[in-house]
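Visitor: Make a model of the complete structure from these sequences and hints.
Protein chains in written order, with our numbering: chain A, 1 to 387; chain B, 1 to 830.
Hints may contain errors.
[To be verified] Restricting the straight-line Cα-Cα distance to at most 27 Å, the calculated cross-link-like pairs of lysine-lysine (DSSO-like) are:
id	chain 1	residue 1	chain 2	residue 2
1	A	Lys-86	B	Lys-201
2	B	Lys-388	B	Lys-412
3	B	Lys-519	B	Lys-388
4	A	Lys-182	B	Lys-641
5	B	Lys-213	B	Lys-157
6	A	Lys-186	B	Lys-641
7	B	Lys-364	B	Lys-412
8	B	Lys-213	B	Lys-201
9	B	Lys-105	B	Lys-95
Simulated from the structure, these hints should not be mistaken for lab results.
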Amino acid sequence: MEDDAPVIYGLEFQARALTAQTAETDAIRFLVGTQSLKFDNQIHIIDFDDENNIINKNVLLHQAGEIWHIAASPADKAVLTTCYNKTSDSRVVSCAAVWRMPSNWDSESHESPDDSAHNPQTLELLCHLDDSAHRNAACVLWEPMGNGKRVISLADNHALLWDLQESSTQATVSSTATLEGKGQLKFTSGKWSPHHNCSQLATANDTTIRGWDLRTMSQIYCIENAHGQLVRDLDFNPNRQYYLASCGDDCKVKFWDVRNVQEPVKVLEEHSHWVWSVRYNHSHDQLVLTASSDSRLILSNMVSISSEPFGHLVDDEELSEGEDNHQEDKSKEPLKDSVVSTYEEHEDSVYAAEWSSADPWLFASLSYDGRLVINRVPRALKYRILL
Amino acid sequence: MDADGSVSDESGRRRRVHGMLKLYYGLNEDGKAPELQSLDPCDINGPHFDPELYLNKLRRECSLSELMDHETCMVKQIRSLDSDMQTLVYENYNKFISATDTIRKMKNDFKKMEDEMDCLSANMAAITDFSASISSTLQDQHAQITKLSGVHTLLRKLQFLFELPARLNKCLELQAYAQAVSSHRRARCVLQQYSHLPSFKGIQDDCNAIMEKLAQELRQKFRDGGTSAKDLSECVELMLQLDEPAEELCDKFLSHARSRLELDLQGLEAEIKPYPPPPAPKEAATRRSSSSTAAGSPSDNSPKTLSLPSPTPNTDILEFIDRGCNEFVSSLCLVITSYQELFINHAQTGELASKNIPQMANGKLQAFVDDLAARYFSLVERRIQEEKGVGDNSLLVRALDRFHRRLQAVAKLLPGSAVPNRGTEIVIRAATERVKQYLSALQSFYMDSLTDVRQALATPRLSVAGAGVHLGGPAAGRDAPSSLPELLSSLSASILNQIKSVLASVHLFTAKDITFSNKPYFKGEFCSQGVRENLVVNFIRFVCQSSRQFCESAGDKGGSTPPALLLLLSRLCLDFETSTISYILTLTDEQFLVQTGHLFQHQNPITPVTALCGEAREAAQKLLNHYVKVQGLIISQMLRKSVETRDWVNTIEPRNVRAVMKRVVEDTTSIDVQVGLLYEEGVRKAHSSDSSKRTFSVYSSSRQQPRYAASYTPSAPMDTNLLSNIHKLFSERIDIFSSVEFNKVSVMTGIIKISLKTFLECVRLRTFGRYGLQQIQVDCHYLQMYLWRFVSDENLVHFLLDEIVGSAAHRCLDPSPMEQSVIEVICERG
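Guide: Rendered as structure tokens:
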């Protein structure tokens with residue numbers, strides 16, 4: 001079973017921000033935000049043609065500034081948020097905003113690349129997610145599987161819950177939570193839990209991971225010194241409500257059961273430099289993707305702490321794409337926790353990795369030099385999980 | 001004639017003469033020989049000689065001259081024969097004359113002797129007559145005398161019998177029991193036989209009454225128990241002779257002996273620390289009382305208060321065992337000997353043998369010895385358990401040896417007894433316990449040494465160069481008396497010494513002159529499992545494990561463990577791997593004769609040296625990696641803070657290298673010195689001649705150039721593929737937190753890699769103004785000037801610094817780089 005070769009796409013700018021177009025479940029589509037101080041920044045819409053192994057791309061202008069974080073609305077394909085740096089008067093300001101893609105962004109997709117490059121369309125600003133008191137947004141989180149009306153932005157030491165009204169053109173802060181403590185505390189990253197009716201939020205600041213109840217905006221748990229150094233990213237297990245993955249500058253990926261925060265459930269030490277991103281597969285939570293500044297992307301198979309520790313037991317009809325015929329209840333030997341594959345296509349630090357929202361076996365990773373690599377889960381593993 | 005011929009002539013002639021004489025007398029020695037020789041008629045000496053034939057033959061055969069010669073020869077022979085004949089005749093004549101004289105003389109003598117013989121025979125006849133008459137006269141009186149003497153002996157016996165009661169009484173008065181008993185024994189059978197006669201009956205009754213009294217008295221004496229063992233055994237012997245029931249006697253004897261041995265045990269117990277009041281004495285007391293009541297002995301009047309002895313100063317174990325041996329074991333042996341003498345050996349010969357007494361007595365003795373020995377052992381074990389200190393092992397070993405040796409006496413006396421085996425078990429337990437204590441002592445010693453090392457490292461004056469720089473005294477640190485290598489060597493030497501001394505102490509257990517050292521346990525299992533595995537191997541494992549814990553428990557902050565200690569321990573573990581372990585194990589194997597080969601078949605295989613070395617190496621590697629990580633993080637932290645806290649957009653034109661860079665270089669230098677103290681230099685790639693002067697180009701990374709030149713040229717997938725392949729040609733992937741080798745260069749490379757990569761990542765998160773970029777240029781040049789010399793491959797530093805400057809340029813709002821010459825001036829200025 002030959003695995004398809006990875007598909008590489010190069011951006012001409014450096015880039016850190018990557019997301020899957022969450023609301024899109026048919027086409028495999030990723031959004032990439034560039035970082036350039038001198039030129040207009042862009043959002044690249046990367047469409048991947050699975051059958052022909054071809055990438056189609058469209059470019060939208062994001063003139064507000066260099067993009068540090070990007071997130072797509074779970075409800076509206078055209079809506080997305082960015083966190084960006086704006087430079088004015090020798091000052092750098094971090095902002096966050098909600099944008100809408102122009103409706104006909106893909107009308108030119110089949111034209112020659114040169115044409116589309118010369119005439120990129122511009123994003124339409126819907127609203128800013130800033131007020132005078134809260135600046136320096138680190139990231140914006142959409143309510144998972146929500147109606148696209150609620151977002152949380154993490155700015156300095158505040159977590160702001162916004163309500164988007166009037167087709168997202170108006171944003172009002174409905175509640176805030178503030179991190180109190182000594183020194184200059186600053187949220188670095190966060191994740192909105194898809195469990196518990198989306199009432200929980202996990203944030204990272206320095207080496208600590210905190211859980212928040214969004215109804216009361218109060219802290220519900222705290223993992224002190226979760227990592228030896230800075231915690232870079234978090235992700236919730238989509239199927240096990242108390243399980244949380246984190247990664248950080250100690251080169252480790254840790255898996256936590258938030259009911260017992262003393263010890264991690266599992267620790268992975270495969271990277272040789274800081275781990276910037278950790279992502280659970282949306283449907284098969286044993287598959288975990290980690291991206292690191294050692295220029296590597298690692299796909300791990302964490303069977304023992306997944307929701308299917310003894311292999312596949314129930315039909316995943318909504319997920320299987322033409323695989324239904326193969327689903328039989330076979331008794332298999334449970335897989336061991338292992339590194340499935342290490343992807344070395346990147347030359348620079350990999351700051352982001354995302355699973356496709358349309359194809360659960362496909363993922364993209366983005367390195368600083370602007371290289372986007374699209375890979376698939378090895379077929380052997382895929383069939384082992386499915387069959 | 002004898003005188004003139006030669007010897008051969010003479011003998012020849014004489015033979016010939018004798019031959020002729022024999023011929024003459026009809027004698028021949030050889031029987032048939034004459035007939036054989038005489039057939040030739042021409043043989044002049046033969047009997048069938050024919051002169052005619054001879055002459056004819058001569059005449060026919062010989063010439064005249066020969067005949068003449070022959071004739072003269074013949075005449076000569078005839079003449080000599082004649083003279084011989086004359087001589088013989090003369091000799092014979094003489095002999096005849098002397099023989100006739102002798103015969104005549106003998107005739108006279110015989111006549112005289114005949115007369116004397118006649119006279120003798122007459123006298124003998126007279127004597128016989130006399131003798132017969134005497135014996136016939138004396139016969140009557142002889143019979144009478146024999147009868148009288150028989151009566152006399154009978155009367156004397158009767159007298160003895162009649163006097164017996166009085167005699168016995170007297171003996172009783174004089175307490176001469178033995179005499180009384182032997183007297184009574186002599187008379188007993190007779191009295192028994194003639195008891196139908198009234199007079200004898202009376203005597204017998206009297207005797208029995210007296211003997212009853214005597215027995216009573218003996219019993220009393222026996223019960224009082226104040227007498228010596230010898231008296232006692234005598235007493236028992238007498239009572240046995242008096243037909244006392246042997247079983248009862250055994251019990252009494254044993255219970256008596258028990259009461260005295262109890263005293264010994266109590267004395268021993270008093271020596272053991274009285275508190276906390278252990279349950280053993282009470283239990284022993286109850287057992288004692290119950291056993292004494294069972295034996296029905298009233299002699300157990302030892303007050304219970306004795307079981308709670310007054311606190312006495314604790315004597316050392318040798319004294320204790322000595323006392324136990326001298327008092328308890330020796331009296332036990334005495335009891336066993338006398339008991340066996342009395343009830344077993346004695347009984348086997350006597351008439352008691354038929355009653356199965358030896359078996360019964362033996363059983364009782366076994367139970368008795370087992371019971372008492374068990375209590376003695378429990379006391380000894382309690383005492384041994386108090387031996388917690390590991391100071392002087394020889395004392396313990398000597399004590400155990402004595403203990404064990406003395407039990408051999410019991411073993412000899414009681415061949416079937418389990419006592420010596422249990423004694424050996426105690427010794428084995430004590431030995432294993434002692435080995436455990438040594439292990440924990442070693443472990444605590446190791447931890448103490450580590451604490452000392454930590455303190456030495458923490459003390460500013462004694463600290464190594466690294467800490468010295470921080471405190472502003474770089475030179476003082478380096479010249480400090482207790483530097484890292486010294487600490488290391490003193491640490492490893494003290495560990496080695498400690499192990500050696502422990503081995504020496506433990507070795508006492510297997511010394512030749514120790515009785516238990518030739519037990520199979522001490523020959524085999526103790527050496528291989530006890531000493532080698534449980535002591536040495538476990539200790540080495542402990543060292544490795546505790547070292548590894550420093551990597552884990554300290555967390556990633558690396559706060560609690562000083563890096564120098566990590567480095568030191570890493571080197572220690574490495575030294576362990578290269579030499580110490582095999583040395584220690586070889587030493588152990590030699591000293592304790594551990595058979596490495598065939599013990600693999602046992603259920604407890606011994607750990608091979610290689611496995612331990614592997615563990616040590618792993619620990620060393622882990623420690624060194626952790627050291628690199630910790631040191632790298634310390635420097636990273638400085639760099640990160642310096643990048644994160646500065647406003648790089650609005651900064652002034654660089655005039656100096658930032659202080660933090662100097663600090664980084666200083667720290668790196670001091671780390672280099674620190675590592676150099678313990679690790680070898682290692683290999684590095686050849687430096688280019690102008691390593692420190694290398695020029696930085698802001699756009700040194702080739703791939704970045706085109707982006708500025710041609711913007712908005714969207715690259716097709718194919719292009720980047722090609723591009724990435726080109727990149728791969730130029731740069732190798734760098735693993736930042738990777739394992740390092742055991743040398744200085746590798747360690748330094750690791751630390752610098754971590755630091756510079758952090759620098760790079762931090763720079764990428766910031767936005768720079770023009771002067772910000774220039775400052776980074778200056779800083780990187782400064783780092784370049786100093787860091788290249790530490791690493792194995794200077795290209796690595798170049799590459800990372802290029803990346804940093806390149807990234808800064810990218811993140812710069814106004815990328816106008818500084819002139820290289822200006823940078824150099826600034827850097828050289830300081």
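Visitor: Does each hint hold? Answer for all of them.
Guide: Taking the hints in turn, this is what the structure says about them:
1. At most 27 Å may separate the alpha-carbon atoms for a hinted pair to count; A:Lys-86 and B:Lys-201 exceed this at roughly 144 Å.
2. The straight-line distance between the Cα atoms of B:Lys-388 and B:Lys-412 is roughly 33 Å, outside the 27 Å bound, and the hint therefore fails.
3. With a C-alpha separation of about 25 Å, the suggested pairing of B:Lys-519 with B:Lys-388 holds against the 27 Å cut-off.
4. Between A:Lys-182 and B:Lys-641 the CA atoms are separated by roughly 17 Å; this keeps the pair inside 27 Å, and the hint holds.
5. A threshold of 27 Å between alpha carbons decides the hint, and for B:Lys-213 with B:Lys-157 the separation of about 24 Å falls inside it, so the pair holds.
6. Taking the CA atoms of A:Lys-186 and B:Lys-641, the gap is near 15 Å; set against the 27 Å cutoff, the hint holds.
7. Under the criterion of a C-alpha separation no larger than 27 Å, the hint pairing B:Lys-364 with B:Lys-412 is consistent with the structure, at around 18 Å.
8. With a CA separation close to 18 Å, the supplied pair B:Lys-213 and B:Lys-201 stays within the 27 Å bound.
9. Straight-line distance between C-alpha atoms of B:Lys-105 and B:Lys-95 comes to about 16 Å, which keeps the hinted pair within the 27 Å bound.
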